[in-house]
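K.L.:
Heads up: the protein sequence lines correspond to chains A and B, in order. Take the first sequence: its position 66, counted from the start at 1, is 66 in this note's numbering, and no numbers get skipped. Position in the second sequence counted from 1, then plus 1000, gives you this note's numbering.
Any given hint could be a false lead.
In silico DSS-like pairs for lysine-lysine, Cα to Cα no more than 27 Å straight-line [what the hints assert, rightly or not]: (1) 70/A to 1393/B; (2) 14/A to 1444/B; (3) 1314/B to 1549/B; (4) 1277/B to 1320/B; (5) 1314/B to 17/A; (6) 1314/B to 76/A; (7) 1444/B to 76/A; (8) 1012/B to 1026/B; (9) 1129/B to 1107/B; (10) 68/A to 1393/B; (11) 14/A to 68/A; (12) 1444/B to 17/A.
Everything labelled a hint here was simulated from the structure, so no lab data went into it.
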Amino acid sequence: MAVDNDEVRSIIVKYLKSGNPLFARLDEIPLDESLLELGYIDSFGVIDLVAFLEGNFNIQILDDEINKEKFGSINKMVALVVSKS
Amino acid sequence: MCGIAGVYRYQKHIGLRAESLNAALKLISHRGPDDTRSVVVDDDFMAGSVRLSIEALEGGAQPITIGNLTVGFNGEIFNYKELARKYELEGLAVSSEVHFLLHAWRKKRFDLFHELDGQFAIFIYDSSKQELILARDPFGIRPLFYASHDGGLFFCSEIKGIFKLASNDFAFDEIGIAEIAMLWTTIGDRTVFENVKQIKKGHYACINAEGIYQTSYYDEPLLSENPRTFSSKAEAADFLKASLEASVNSQIHGEVGYASYLSGGIDSSALAFFLNKISRNSGLNTFSIGFENEEYDERAAQNAVKQALNVRNKSILISKGDIANNFRSVINHAETVLFRTAPVPLYLLSKEVHNSGYKVVYTGEGADEILLGYDLFAEARIRRFWSRSPASKWRPNLFKILYSYLPQFNNSRYFSIMREFYQKSIAETDDVFYSHLIRWSQFKQVSSFFNFSRANGHIEEEIFKDINSSLPASFNRASFDRKAQVLEIETLLHGYLLSSQGDRMSMAHSVESRYPFLGKAFVRDMAMISDHQKTFGVRSKDLFREAMKGLLPHEIVFRPKVAYQAPEAKCFLSSSHITEQAIFLNDSCGSTGLICKESLMALNSKITNEFSSERLGFRENMAYVMCMSLTQLADLKKSWSL
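If we strip away everything but chain A, and leave its shape as in the complex, we get (with noise of 0.2 Å):
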């Protein structure tokens, strides 16, 4: 399934936004910061974030891929799917 970047990112977006309203009430969505960090998301929200990624884009998610390197953003998460699409 191709998908462009655009699209990734309003769907990570929209899932966000849909548990957390304090994310969905910001002006600017931080697009490039650690979301941990920033605290919009707990620890079992990564799990549930690596889940729907796997599942909305039926991919494959690897171990060393969930890190601040690969994972620590939304637009890293972006790169990350639109990599395995």
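Following the hints, put chain B in place on chain A, whose structure we already have.
P.N.:
Frame of chain A; chain B shown alone:
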């Protein structure tokens, strides 16, 4: 064990309505199905009780009036016979706790409460002094609420009785709800209802024409300097073991049989071991919870204990449907906003105990707080240890040992990102609330599902005012671990575990729970053992495990700590089903004006997304369960005052 209720017209003398008292007693009749009595003492005071007969089956009817004093109580006073001898009351008819209390009060007055060893909520009315005393045990095991309304003081073991006595539908207290979003419970004398207060744990209240004053009678042993040195770990472990056995024995009280809960962890297994020793001839009956979802299920461990101790164990199996179908009844008993569904299985377990013919059950609450068992204590130690060398690669790996039962830790794939989660929290080691900062930081997220009339900053200020006023002055001088322990006792143990999971769930089915880990002498003894002797590094309940070695199966003694958890939001709603509770929530969430409907609807879309994980995020579950309980409670409370 009982329920109590009463009215004192202390400011406005407009007469009493005996029918409201009888109606309130009827509302709490599950607390005492064996007998109901009420008494109108004078123009200004009436009270009554419903009784679950356990001790002094014949002579224990209450309330009692002798001379100017009327006394009633709910609970057990394990050392009343010993104190009756000490106070030289034998000449008087002190054949039951309630008679003891009356005579002992006459002799000792306010010096009485700190000598009691038990779990109790007491009222004492003195008609000659025109004064009412309400008192509650040191940990708040037994509930006691009151409201000052329209010149009257209304008190009851349950909040619904106060609504009935005052014929008033009390509004929600948004600070109380916000406290649950932060601390997981209300704190101090606050409840989730405006104007409905609780007698603080370890306090008595004095009510007379001048007003209501609550005073502490309990000195927290964890904050007193009374260390004891042990020559070896084995000696300290023997001390712990002997003290726990004595605590179990001291709570064997009453004229009816008893059973025990068995979770499969070391706490309840240790209780089963000592109880089994006492009841060797008849054998011990234990009761357990199993889950259809194996992520929460502990039946394998329960079976290991059952076989090793040769107890008769009855297990109930909980499905997601059980959680959803019983949630409304659970809220009716809990009378608060729940942040998780875990009380539901305990509600069903007490039903099983009741149906098996038992009135008394022993349970392991308190062990984690007293013996340093919680992850939170070790987590705080790791964060502090890591903060001394933030660049260290291996220090944060200690989290893996600690949370091995949680998927984000036992599965190495998530660990790198978890490290990041904790990294932001390791500083601020000077903060007196350091141990709890991670938990409390969820407040901003969870509270965003609610429409509070006050700004978040103002609400947080109120919450910290409540916390600070609940902590003794010596708190700030306590060790790092002890601060964490006291905070956990003030918040989660008192406000949630002993009430929402404890008294309220067991008494829903007329079952009294007993807590040997919170026995007076045991708590005092354990405070004498140093923090690091109690548990070393990131181990959980290290010394306790040492003490139970050889008495329980090895795999139970050294089983890593597993937190009791139950399935949450997806019980009510998922991509494949929608329950009537979820429909009710969607339809009625606007009724209080406190829930942000738009946020809840967005959360619904996440819960029903076919790719969202079974567990969701922690805060999302918490927000959903809080909204569900608030909406149910808003509906239920309307009927309490009718």
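K.L.:
Next step is simple, just say for each hint if it's right about the structure.
P.N.:
A quick look at each hint next to the structure:
1. 70/A to 1393/B: Given that 27 Å is the threshold and the Cα spacing comes to 19 Å, the pair holds.
2. 14/A to 1444/B: Between residue 14/A and residue 1444/B the Cα gap is close to 20 Å, so the pair holds against 27 Å.
3. 1314/B to 1549/B: 25 Å, holds
4. 1277/B to 1320/B: 37 Å, violated
5. 1314/B to 17/A: 44 Å, violated
6. 1314/B to 76/A: 51 Å, violated
7. 1444/B to 76/A: The given pair, whose Cα atoms are some 26 Å apart, holds under the 27 Å limit.
8. 1012/B to 1026/B: 26 Å, holds
9. 1129/B to 1107/B: 15 Å, holds
10. 68/A to 1393/B: 14 Å, holds
11. 14/A to 68/A: Holds: residue 14/A and residue 68/A sit about 21 Å apart, inside 27 Å.
12. 1444/B to 17/A: The given pair, whose Cα atoms are some 15 Å apart, holds under the 27 Å limit.
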